[in-house]
Each structure stands twice: as C-alpha cells, then as structure tokens.
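**Q** Chains as they are written, first to last, in the working numbering: chain A, 1 to 242; chain B, 243 to 435.
Read the hints as simulated data drawn from the structure, not as lab findings. Cβ coordinates follow ideal geometry from the N, Cα and C atoms, glycine included. You may find that some hints are simply not true.
[Claimed, not checked] Pairwise CB distance ranges, derived in the manner of DEER restraints:
| # | chain 1 | residue 1 | chain 2 | residue 2 | range |
| --- | --- | --- | --- | --- | --- |
| 1 | A | A227 | B | P338 | 49 to 57 Å |
| 2 | B | Y312 | A | P88 | 21 to 29 Å |
| 3 | A | A121 | B | F305 | 25 to 33 Å |
| 4 | B | I328 | A | P88 | 19 to 27 Å |
| 5 | A | A121 | B | L313 | 24 to 32 Å |
| 6 | A | G123 | B | V399 | 27 to 35 Å |
| 7 | B | E330 | A | V184 | 49 to 57 Å |
| 8 | A | L114 | B | N366 | 17 to 25 Å |
| 9 | A | L114 | B | M331 | 37 to 45 Å |
[Said to hold, decoys possible] Selected chain B positions facing chain A (in silico; Cβ < 10 Å):
| # | residue |
| --- | --- |
| 10 | I407 |
| 11 | A408 |
| 12 | L421 |
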Amino acid sequence: MKKEIAPAELHCGAHGGAPVGPRRATTPGEDLLRGLWRENPVLVQLLGLCPTLAVTNSVANSIVMGLATFFVLLGSSFLVSSLKRFVPNAVRISTYVLIIATFVTVAEMVLQALVPDIYRALGPFVALIIVNCIILGRQEAFASRQPVGRAVLDAAGMGGGFMIALLLMGSIREVLGSGSFLGVSLFGPGYEPWVIMVLPPGGFFTLAFILLTVTWLKRRRAAGASARAMERPDAVAAERAA
Amino acid sequence: MMGDLVWIFFSAMVVNNFTLMLFLGLCPFLGVSGRVETALRMGAANIFVLTITAVSVWALNTFVLAYAPYLRLIAFIIVIASLVQIVEMVIKKLSPVLFRQLGIFLPLITTNCAILGLAIFQTNRGYGLLEGLVFAIGAGAGLTLALVLMASIRESVDLGDVPEIAKGTALVLVIAGSLSLAFMGFAGLLSSA
Chain A
1 MKKEIAPAEL HCGAHGGAPV GPRRATTPGE DLLRGLWREN PVLVQLLGLC PTLAVTNSVA
61 NSIVMGLATF FVLLGSSFLV SSLKRFVPNA VRISTYVLII ATFVTVAEMV LQALVPDIYR
121 ALGPFVALII VNCIILGRQE AFASRQPVGR AVLDAAGMGG GFMIALLLMG SIREVLGSGS
181 FLGVSLFGPG YEPWVIMVLP PGGFFTLAFI LLTVTWLKRR RAAGASARAM ERPDAVAAER
241 AA
Chain B
243 MMGDLVWIFF SAMVVNNFTL MLFLGLCPFL GVSGRVETAL RMGAANIFVL TITAVSVWAL
303 NTFVLAYAPY LRLIAFIIVI ASLVQIVEMV IKKLSPVLFR QLGIFLPLIT TNCAILGLAI
363 FQTNRGYGLL EGLVFAIGAG AGLTLALVLM ASIRESVDLG DVPEIAKGTA LVLVIAGSLS
423 LAFMGFAGLL SSA
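Bound-form chain A, shown alone (with noise of 0.2 Å):
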C-alpha cells in the first residue's frame, strides 16, 4: 500500500486558487489536457504569477519566458518520478529543489547562449523559476506518486498551460501597449500606444481583466448547467455517470 504523504505547506496556493491533486484516478489524456485549461496553473489555480505579471511586457518575453518554464517543468518531473523510489521523505522538497534549481541553470546557459538580448530583458526572472510555484507544486502533488510517463503528461499540460496564460498576457501588453505584435507594427504610425500596459501597472491590470474574464465565464458555464438539471435532470445524471 502506498504511503499517504502529507502536502507540503506551500504557501503559494494560499491566496484563494482551486486546490489541484489527484483526487480520484484520471486517464492519460486527462493529465495532459486538464492543465491546458480547466486546471490551468495561472488562470484557475493562480500559481507563479510572479513571472506572468513581470515578464510580459513583450510576446517575444513570453515565449521564451513559456519554453524555459516548460522545459524546466518536464525536466524535473520527469527526474522526480524516475526517482521517487530512492528519495525519503523527509529531505523530498529540498530533493526536488536542487533538481529544479540544476535544470533552470541549464536552462540559463542555454537562453544565454542562444538569444542574449531576450535573456538580459528577462533579468532574474529565469533564475527565478526554481521558485516558481507551478513546478514545486506539481513536483510534490503529482510526480512524486506517479509513474514517469504520466507525469511527463501532466508535465506537459501544465507548462503548456502556463504557455498560454503567458502568451495571452503578452499578446494583449504588446498589441495594447506598443501597437506591435513580435516587433512586427499592427497599426501604422498614427497609433499612440497605451504606454502604461507595458509597464509594471499595465501588468496588474491585464491580469485582473483576465482573471475577471475566467470568473464570468466559469459562472456562465455552471449556470447552464444547473439550468440543463433543471429541465432534465435524467440526462445530466446518466452524463455524470458515463
């Protein structure tokens, strides 16, 4: 029987995020797609918005910003499960720490060594991503208890959810606050770019407008489907049980 590990105390969840974990068995395409969006880590679970906030000010910032995390996400999970066997439990956050902080240095070198001017713009917020909650989080609640492959998935889900929660915080700073998208320029000379949406209170902003966004959306989703049980509450019971 598998021991029950207590969830580590991150505080990271602990303004308000649907808490996540694997509370009844899920298949693998679950894993891979439950994070892209209903349980995306910034949008719903409202992780690592450290990063979402301050990185992207720029879509180029993003994607990059995106593949580093992804890349770091995989890595770890994908080392935690091989060796979950070997790890006790006592020193298991600061195990999956170093492996962490050992892949965001590769992951330093690399975007050193490849695009130099998106790495300065960036700052510390590449180092940053050892204390990134997302990858912790996950760490502790799902690749720790899974078998490798699953955790890859869910690996992958999640940085790729993380990837669009970037991209769409990017993409609405560039277009808004330069008047360009990647550089190119969208509007002609004419535009007078909202300046403040590239800076730091732009940030704020755009995250509050797309967390309000989420909210109205999940709510109309369940009131359509409490309107459905409502009228056929045969139906829904039997969709439920399917």
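Got chain A; can you put chain B on it based on the hints?
**A** This is chain B only, laid out in the frame that chain A set:
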C-alpha cells in the same frame, strides 16, 4: 559613499519597490494582505530573512562562488532554505513568543521569490557587504510598505459595494495596479538624484 547608501536604500524601497515595480514576492502580497496586523508581521519576518540572506550571499560570493560560478543558483537556494530552517530553530529556542508571532510565515519565506531575487540582484550589481545590507533593509522596508498599504486598502474595501464577480483576486489585482501606478511617480527621484 554615504549618499550612495542612502540612494541604494530609497531605490530599493520605493523607486524599484520589489512588489509593485519588480513583481517579486507577490504570493504573500496577495495572500496575507487581508489585515494590517498580519501584514506588518509578515513584513518584519521578511526584513529579517532578507538581511541575513544578504550577509550570507555576500560570504558565498566572496569565498566560494568566485571559484565555481556555475553553482550560483544551486548554492543560493540551498543556503536560503537551510538558513531559514536554522533561524526558525534559533528563534524557537531563544524567544518562543516571537516564534509564535511569526508563526507559519517564517518557513514560507523560503519559497518567496523576493529572497532569491535579492540574492541575484546583489550578485549582478556587485554589492559589497555594507551595500548589500542596506539594499536588503531597503527592499524589506519596501515589501512591508506595499503589504501594509494593500492591507489597509483591503480592510476598507471589505465593506464596500463590490460587484460579486470581481471579489477576490481580481479586485486585489486592480488595487495593486493602482498602487503600482502611484509608485511610478517615485521614478522622478531618479533624475533629481
């Protein structure tokens, strides 16, 4: 020299405020900013850990990492994690009252990106021991300032008539954005200094 130190302090505290301008340490900013009293305690714990981090990072940079720069990140995160653990044990032994007051905040600070961010900034800018200390205290004061401001605003907004859908994180983010807008005014200090 003195002017430099004063400048480092105010730059870290308001002009480049860690939370509102650099987005470091957002988790406690969004998570424990519900009440002013808690915010103050969290701020104090942060200043404390930032200060000892600055000293140990300086020691690491001077005596160890000069010979093995590629171990930088791994060394920082191990030192920060063990340092917080040691401080926790020492405080528990020496002053149980303070320990109870800091409570859960102390261990949580390990995963706070402000601490690692401080270590990286300090290294990149080549700060010495004294400059590092002043930088850490300034950054901690800035974090505390942001936390307390946020907590006081949230305490008043609690009673306000906010649309149901905007309650929670979205509202906090809008407040944070407005605070951040206000803090941009401090950038003017840069040109006058």
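**Q** Going by Cβ atoms only, is A408 (chain B) closer than 10 Å to chain A?
**A** holds (6 Å)
**Q** Hint says 19 to 27 Å; check whether the CB-CB distance for I328 (chain B) and P88 (chain A) agrees.
**A** holds (20 Å)
**Q** Measuring from beta carbon to beta carbon, are L114 (chain A) and M331 (chain B) in 37 to 45 Å?
**A** Since the Cβ atoms of L114 (chain A) and M331 (chain B) sit about 43 Å apart, the hinted range of 37 to 45 Å holds.
**Q** Within 49 to 57 Å or not, the Cβ separation of A227 (chain A) and P338 (chain B)?
**A** Distance hint for A227 (chain A), P338 (chain B) holds at roughly 56 Å.
**Q** Does the interface hint hold: is L421 (chain B) within less than 10 Å of chain A, judged Cβ to Cβ?
**A** holds (8 Å)
**Q** A range of 24 to 32 Å was offered for this pair. Does it hold for the Cβ distance of A121 (chain A) and L313 (chain B)?
**A** Roughly 25 Å apart at Cβ, these two residues keep to the hinted range, so it holds.
**Q** Just to be sure I understand the hint, the distance between the Cβ atoms of A121 (chain A) and F305 (chain B) should be within 25 to 33 Å; is that true here?
**A** holds (32 Å)
**Q** Looking only at beta-carbon atoms, does the pair Y312 (chain B), P88 (chain A) fall within the given range of 21 to 29 Å?
**A** holds (27 Å)
**Q** Hint I407 (chain B) vs chain A: min CB-CB distance below 10 Å?
**A** holds (6 Å)
**Q** Does the hinted range 49 to 57 Å hold for E330 (chain B) and V184 (chain A) at CB?
**A** holds (52 Å)
**Q** Check the following: the C-beta atoms of G123 (chain A) and V399 (chain B) are separated by a distance inside 27 to 35 Å.
**A** Holds - the Cβ-Cβ distance for G123 (chain A) and V399 (chain B), about 32 Å, lies within 27 to 35 Å.
**Q** With respect to the beta-carbon atoms only, verify the hint that L114 (chain A) and N366 (chain B) lie 17 to 25 Å apart.
**A** holds (20 Å)
The structure meets every hint from the earlier list without exception.
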